[in-house]
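A.B. asks: Take a look at the letters that make up each chain.
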Amino acid sequence: MPANGEVPAIRVEEVDKIFGNDADRVVALNRVSVAIEENEFFTLLGPSGCGKTTLLRLIAGFEQPTAGRILLQDDDITRLAPYDRPVNTVFQNYALFPHMTVEQNIAFALEMLEKPAAEIDQTVTDMLRLVRMEQLRDRRVDQISGGQQQRVALARALAPHPRVLLLDEPLSALDYKLRKDMQIELKRLQHETGITFIFVTHDQEEALTMSDRVAVMNDGNILQVGPPHEIYDHPSERFVADFIGDTNFLPADIIERGGDAVSCRLESGEVLAVPAGVDLPDHDRVTLAIRPEQVTLCETAGDATLQGTLQDAVYIGTDTHYRIRLADDSLFTARVQNARGRAQLFESGDRLGIRLDPEHVQLLKD
Amino acid sequence: MASVSPYSNAPVLDLEALARRREVKTNVLLTVPALTVLVAAASGPLLIMLIFSFLTPGDYGGVKWELSFDAWFQVVLHRDIFDDTISLADAHLSILWRSVKLSFLTTLVAFILGFPTAYFIATRPPETRNIWLFLVTIPFWTNLLIRTFAILEIIRNQGVINSALLGMGLIDAPLDMLYTDIAILLGMTYVYIPLMILPIYASMERLDFRLVEAGYDLYASRWKVLKRIILPLVKPGVIAGSILVFIPSLGAYVTPRVLGGGKNLMLGNLIELQFGQGRNWPLGAALSLTLLVIVMFALIFYVRSAQRETH
Ligand SMILES: Nc1ncnc2c1ncn2[C@@H]1O[C@H](COP(=O)(O)OP(=O)(O)OP(=O)(O)O)[C@@H](O)[C@H]1O
Ligand SMILES: [Mg+2]
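Chains C and E, in that order, give the protein sequences.
In terms of the working numbering, the first sequence opens at residue 2 and continues consecutively.
In terms of the working numbering, the second sequence opens at residue 208 and continues consecutively.
Derived by calculation from the structure, the hints in this document are not laboratory data.
Source: prediction; values computed, not measured.
Even glycine gets a Cβ: it sits at the ideal position worked out from N, Cα and C.
Please note that a few of the clues may not be correct.
Stated by the list, open to error - Output of the computed footprint for chain C on chain E, the stretches with three or more beta carbons under 8 Å from beta carbons of chain C:
{"id": "1", "stretch": "407-418"}
{"id": "2", "stretch": "421-429"}
{"id": "3", "stretch": "432-441"}
Claimed, not checked - Computed from the model, here is a short list of chain C residues facing chain E with C-beta under 10 Å:
{"id": "4", "residue": "T90"}
{"id": "5", "residue": "Q93"}
{"id": "6", "residue": "C299"}
Given only the sequences and the hints, what does the whole structure look like? Please build it.
C.D. replies: Pasting the structure below:
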């Protein structure tokens, strides 16, 4: 877990990265600042092309930022070559050296650092044990499976015991089952080695289950940084709420700004006292985000916040997803846990009410 | 063909067998052109050479059909015409040695210059790579003799280099470059270097440059990345390039003739001499076969040692 009060392992300060010039200019990173704590499992999450790999490559030293600085603890490493940084990378395609054996791959960095032979041998043995690959030491890397290559890539990057390990979508090439296993394995490795991990993924579930903190990125910007539950429960922007998990969005107007709570009027006329988010926008037109599992369905009348007609219900084992058409013709999703032996609560075409708990309604900045 | 009863299996099987036999026949037919070329263009001439090398030279060239081992004897040994003492044929041995040495050096220089060139081309953006490749192949458009005379024009005593150096006052007398081994080396390197660049480029283009990044990431310096990652991975191209340069260098004729003058013969010139002025066809044939044997041994040795390193 992040240790507070210490100097962060990596600090990215106001970094811009622009590729190309003039006509085909691409702003890959736009004023990105983030601090990654010592011994943290930190995840960069975002859709394809948002700049995750670019940020990782800047930290690794394969690219130079157009502006800004990168610090490793107190040292400015912005201009250092990759081989001068105590930072190692696990590449997305593994990039194992095809002309070397498993052992030679893992020993490579140690040989480059001119460690004594006995120490290299010992470290390789330790690393192979760490990733549970002892039997395949002398195998050529093109003669082992994808999952095994993944482990060798990890062992190779961990062998020189870097201060920070960068992992660029290391699990994306693996099948579902293996990916689940490797997620647990990665957590264990991070725990056992005590090395700071910066992990890139575009799989939100992976990000939420593995990370100490997550940074959600879009279009070259970091939108929100926080622990998984905070990102999930209190997304600061519509993009974050939409990207992570399923979310219902309801337009609303702020009618009163209190201290802890804000009164919002929904389209339906209903007024909700919503907990104030981090920073409130100046304008009154806002969006409320509601997770599908945090609402209750009820018969039409009574104390329902919203009313609608059930469009369809999809049974998916543990839950049933109800899609309800609201008065303004938008669809609202509710997820209700199935109790044993109980049939579906409603039938398509039923009029029903949706009860919102103000505690679980998140006010979004935009 | 037997009539096929729709109710019986046997004729159907027969048909299949027939089709198979026909297929075999067409396969044999298809190999005829290749076999013709192999026999007529490769084995045939070789066989003639082999036979000629065991015959007696004719008085005005050609051969007399009398068995003789003189030609093979003369390849490396020399019998004094006055006292019949036998000694090593120094002239032949020095030519042999020069051929092997110059071909080896040509291969080496072509590699030293060709490797960075291939690397340079392979690291250009894909759109511009073809332009560079095109430039590399341009010399092939001109006749070898003309290109060799161009080199001569550059290095002769009143040539471009000497005039420039004299003009700048860097030297007082022209440098004697023409008709030396260096001149031959220069000429052959120039002529054969594309044959080194192209195969290395082909391997380099297939090289995954992410491996190079991985090398840097794992604390390898530029030199170490070159030695431990790039070179081993493009080795097939280096092997191919070296073979393509070494073999024609060993048998080179035009370049040593023009740039080496009459003095610095190579094997190709010696062979030509025997079939021409020397009027000793059997010796020419024996020398040609010697060249073939050297090439074969060099190839076997080279490929073996290259393979040993990879495994
Ligand atoms: N070398 C480059 N030259 C030009 N543009 C680039 C280069 N590298 C990246 N980009 C651009 O920068 C942006 C960010 O790319 P990046 O590779 O960081 O995305 P990503 O978040 O890793 O995406 P993915 O999830 O698909 O890997 C993209 O628009 C990409 O096209
Ligand atoms: Mg990427």
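A.B. asks: Each hint needs a verdict: does it hold in this structure or not?
C.D. replies: Quick rundown of the hints versus the structure:
1. 407-418: holds (count 3)
2. 421-429: holds (count 8)
3. 432-441: holds (count 4)
4. T90: Where the cut-off is 10 Å and the nearest Cβ of chain E is about 5 Å from T90 of chain C, the hint holds.
5. Q93: With Cβ-Cβ at 9 Å, under 10 Å, it holds.
6. C299: violated, 57 Å
The structure shown violates just one earlier hint, number 6.
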